[in-house]
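Following the hints, put chains B and C in place on chain A, whose structure we already have.
Chains as they are written, first to last, in this note's numbering: chain A, 2 to 578; chain B, 273 to 602; chain C, 985 to 1336.
Be aware that a few hints might be false.
[What the hints assert, rightly or not] With a straight-line Cα cutoff of 27 Å, these simulated BS3-like cross-link-like pairs (lysine-lysine) come out:
1. B:Lys583 <-> A:Lys500
2. B:Lys332 <-> A:Lys433
3. B:Lys332 <-> B:Lys595
4. B:Lys595 <-> A:Lys483
I should point out that these hints are in silico values taken from the structure, not numbers from a laboratory.
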Amino acid sequence: MKIITARRISQTFFFALFIWLCIVTTIGEKFWQIRNWPVNWFLQLDPLVAIGTILSTQKLYWPLLWAVATIILTIVIGRFFCSWVCPFGSIHHFVGWLGNRDKKPAEKVKLNRYRKAQCIKYLVLVFLLAMAAFPSLTSALQTGLLDPIPLVTRSVNLVILAVIDRATYLTSVSSRFYELGWLIFAVFASAVLLNLVIPRFYCRFVCPLGALFGVISRFSIWRIGKNKAECINCKLCEKACEGGCEPSGNIKIAECVLCFNCRDDCKHNIISYQTASSLAGETQADISRRGFVLSLASGVFAAPAVRLSNKIGANWYYKVIRPPGALTEEEFLKRCIKCGQCMRVCPTNVLQPAGVEGGLENLWTPVLNNRIGSSGCQLNCVACGQVCPTSAIRPITLNEKRGLGDFVEQGPVKIGTAFVDRNRCLPWAMDKPCIVCQENCPVSPKAIYTQEIFNTIRDGAVTVKNVSGNTIEIQETIKSSKFASGDYYCLIEATARFKIAANTENAIEFAGGSKLENVSAGAKIEVQVRLQRPFVDIEKCTGCGVCEHECPVSGSRAIRVSAEGETRSATRRLLLG
Amino acid sequence: MTQQNNNQFGRRRFLARAAKAAACAAAAGAVAYSLYDRRGPQAGAEKDIVTLPDFLVAHKDSQVISIVTGSDRKKTINKAIELLGGIERFVKTGDVVAIKPNAAFATPPFLGATTHPDLVAEIVRLCYKSGAKKVIVTDNPINDPASCFTISGIAKAAVQAGAELILPRDNLFRNTTVKGGELIRDWPLYYEPFAKANKLIGISPVKDHARAGASMSMKNWYGLMGGRRNVFHQDINKIIAELAAMVKPTLVILDGTVTMMTNGPTGGSVSDLKKTNTMIASCDMVAADAFACSLLDLKSAQLPYIALADKSGSGVADYQSLKPLLADVG
Amino acid sequence: MASVPGRTKYLESAASIAVIFILLAVAGVILNRESRFDMTRFGILGGETKTSESLPGDSQKTQIAEASLASFATADLTPQGSTDAYNADNLYEKIDGKAPLYVESGFVQLRTQRFDAVKKPDISFELYLYDMANARNAFSVYSRQKRADATVLPDFPFIYNTTNSVYLSYGKYYVELVGFAESQELIEMLRTFARKLAGTLTIDVNDAAIGELGFFPQQNLVAGSAKLHLKNAFGFDGLTDTFTAVCKIDNQTVTVFFGKYQSTDEARRVAQSYCDFLIANGAKDKNPAGETLRQLKAGIFDLYGTIEIVFATGPFVAGIHEADDTTIAEKAAEVLLNRLNEVTGEKSDAAK
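Isolated chain A, as found in the complex (with noise of 0.2 Å):
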């Protein structure tokens, strides 16, 4: 068998096994659903998030521990992964090949000339890791950007994969929802669409994970090289050459993603994959010192200076209400790689990639909004925690977020707490009746609680006619069967009050049963709604946002969740001690 067969059926089993993992990341217990699939094994066997997480935290979580197998192989063998494994490296070969394989060999070979401008992507890893390191600084890990693992990850996860399934209802019966989709969508789109002007543009110039694998396999035992001197130029090695190293001649051996192209493509023998350093010239990886100094010193400088407005501190944005489980802020800004693995799991779609609002390093995270989805933070569900590749969001156990068993003293993770807006609500504000968010309230007991009040209605102030058995004949006229809902109410001289069971334009018939015997022609009658206004109880309430779902004032809605009272925060708790 060739070496390129099997390289081209590793590529293709990976691939396949990446995006079945997508697949599968929704909850249930069927052989197409969650289950135990290893489905954040691409993301642990990623150097970058291993690296980039232990320069932020000092630590290695350790499910990450694959990536130092990653890392070990690479530095014995070579920059496998590229080539072998990696999902988006597979992709950006398939169009690169597919875009160009009508040109003629000397196109080709002119196309994966070695370019100065692939030094970018070392000075991008730079930049990267410097604003991660250096905590006393601030760190900010901001690697999940352009890393290609997690990148890969949640454009199959929150854009491809949502985009079939409208179609389909191939992983989801209902459709899924994901703000800044569209941002998502062009990044990946544009990478691979670029493959068609350069094949692995995205590979050769920006990979920041490429180039970490382009300085550690610097020592590696075998490399691709001449093994003869007797070479006639005829650059057929450059034909296919994916990573654009150039091994015709002084192979950039940081550059060699060990595609075996060149050595299937020579016709005399020449390029083999050998211990001994190719013999016309080999060298590493183009980093001028200027360069590395200056990525370094930018990355160090913006990590601080990208929190210059203190959205960690006091000028934090309360609508960044954190999936349960959640570190504090910075401790998370720490560890998410912006993977998406956690708005994917997530049953009701509630979580969402962020936007900028809460800062620049907010883009991708996860928060929630309540009005997506099906219903808010489900209250017996910790999925999120479970698929968090660095644990920003910690795998907690039900009961702690519960706060039984263990953690009764504790008490229950809170991600923010719900606000009514009096301003909008039906019964504070329109004289409506309407207890849908208490209804709701999953809590037990409930965080909402309502008082009762009667209201008179507009128009609402009649006199009697005469009076019947149940019913008053009423001088004036009102609506007719309007009040018959069971929310109104007579108050009759400002003394007794009934329930009005049904009524006509000029009469009100009361419930059987109702003492009638003082009212008489003449009195005063006060038709009234009866009104149970929600109140939230800070100390119950939990913030899962299932009442700001329900609320039927459907736009801005009348009870709102925002992240005060945050458990996961000190300085955000609401009340006092």
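The following block gives chains B and C in isolation, referenced to the frame of chain A:
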């Protein structure tokens, strides 16, 4: 010579081009004509709210409700439909018929909590005999529809008779509002399978019901409600009346061959059942329910929803006035 | 590609095949791992309750033991499908319109599991295990749903069978074993199953005793006829926790009832409201014939042809319901009164 050829060539090419141009112009004109909208868009209702289509067939004063006694379902149902004018009155060639049985529980047919599969099979067979293009059998049991349809035997009966069995999925629901309704407002309705049909037949057993008093042909439409429909149990009579207003079926079949007399709607013991050997086919579900009360030893006055449904015009509670057609097939 | 030297070609093939094997191993490990899953780590949304905590909406802290009922399988019975669990919010999904009957009687949780007989697969049954929070609630739903053809069994204090099912009330649990066939063999299987089930369930023995059943006149009582109405007895919401039973007086059956209240005053108030309720609903007041009842100021009514008797004695509200004959009704009332006085006497003796 060449010039003449050239001219001819040129003319031929010109004519070809002119013909193509004319065809394009004609096509443009035709498209414009077919899509022409003189009135402009109208202010429409929320696209999201749907209403069930009207499945009624032409009313015939003398053939509204038939009541046939006998112990063999196949015989009684055939006679009952024959008395109403035969299946051809209700199902025409090319019709798509939706059948809504009661498949609410995962219990076997002998416990009487679900529509008997033999009856479903017979109705499906009759529809195809009458020239139906397709027959759909569906219901929304909420809890594990697959096992409900399987254990009740309805899945096997339907499929063997050639019907398409549809199990409920979230994307088959649309919100609906019943005109004049207080409960069914912007509520999820199991809609899509019925939207595709032009005839609707409801088939339900006669059962005692702990909350409502009885579960018969009107209550059968509860199975079309989605969402957390148990909230309606608080006002059970009003919801049944609104269901009767919401659904205009072609025919309802009320199977009183075995009636669940106690511990409904689930039953559980054979002793909850009584052989009452009566089959009712009706174009008026209020009348059907009003008659079937007697099988449960109830008076229709004891079931407030019958009067409510009559009052809102969904049918006639005084079934005698409809001159029911009676027969006995032993 | 030009011919590659033999050894290199061999190495290349070996390396390629090795890679293929690695991929297969990866696939194998992943497939193995995914089939061993525990859905509860995603919360109740993912799977059955296996954590020891209350379900939402449940204010009582009840311990839910090992959730799966499949463990009740025996050599003869094998479980079909998985155990389903329901709380007050979604009970209607399983039993539809019957749910309010349970929810209004203190329902906590239902677990269901189907079993097939190993040797005869067409004999199967479904186990409905209702946790009703306490023995009185369980007894209430058990007694109110008792079938007319119930055959009372000796296995437990509250157990009967019909031709296809076995029903029992055991401590706080109401258990239905609904058989899918009518067969004596199945009934025997269900009885064995019930005994095994009861052996495994932990109940509060004091709670399970339901001592009030002893307050009925024992020699007249028709065995197994006692029912407990937690609220709304006879359609009147003032009567709570009311026990009814059928007694035989002079070879005629009559329904007797009683309920215990906090104090003698409250009992009198409740008795009076019930009398008012009967009158408001068209009952005609009659005078009691017997001296005892007259002294007690018992109410005796003719409600459209049937006789109702209501009286208060000590903390009890008691009486006769829907009797056909006035003499029998009054006699039964006196027997009941004596028994209740006896019981109160015993109690106050014990208190001394």
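Hint-by-hint comparison with the structure:
1. A distance of roughly 24 Å separates the Cα atoms of B:Lys583 and A:Lys500; the hinted pair therefore holds under the 27 Å criterion.
2. Pair hint B:Lys332 plus A:Lys433 does not hold up; C-alpha atoms about 46 Å apart against a cutoff of 27 Å.
3. Under the criterion of a C-alpha separation no larger than 27 Å, the hint pairing B:Lys332 with B:Lys595 is consistent with the structure, at around 11 Å.
4. With a C-alpha separation of about 38 Å, the suggested pair B:Lys595 and A:Lys483 falls outside the 27 Å cut-off, and the hint is violated.
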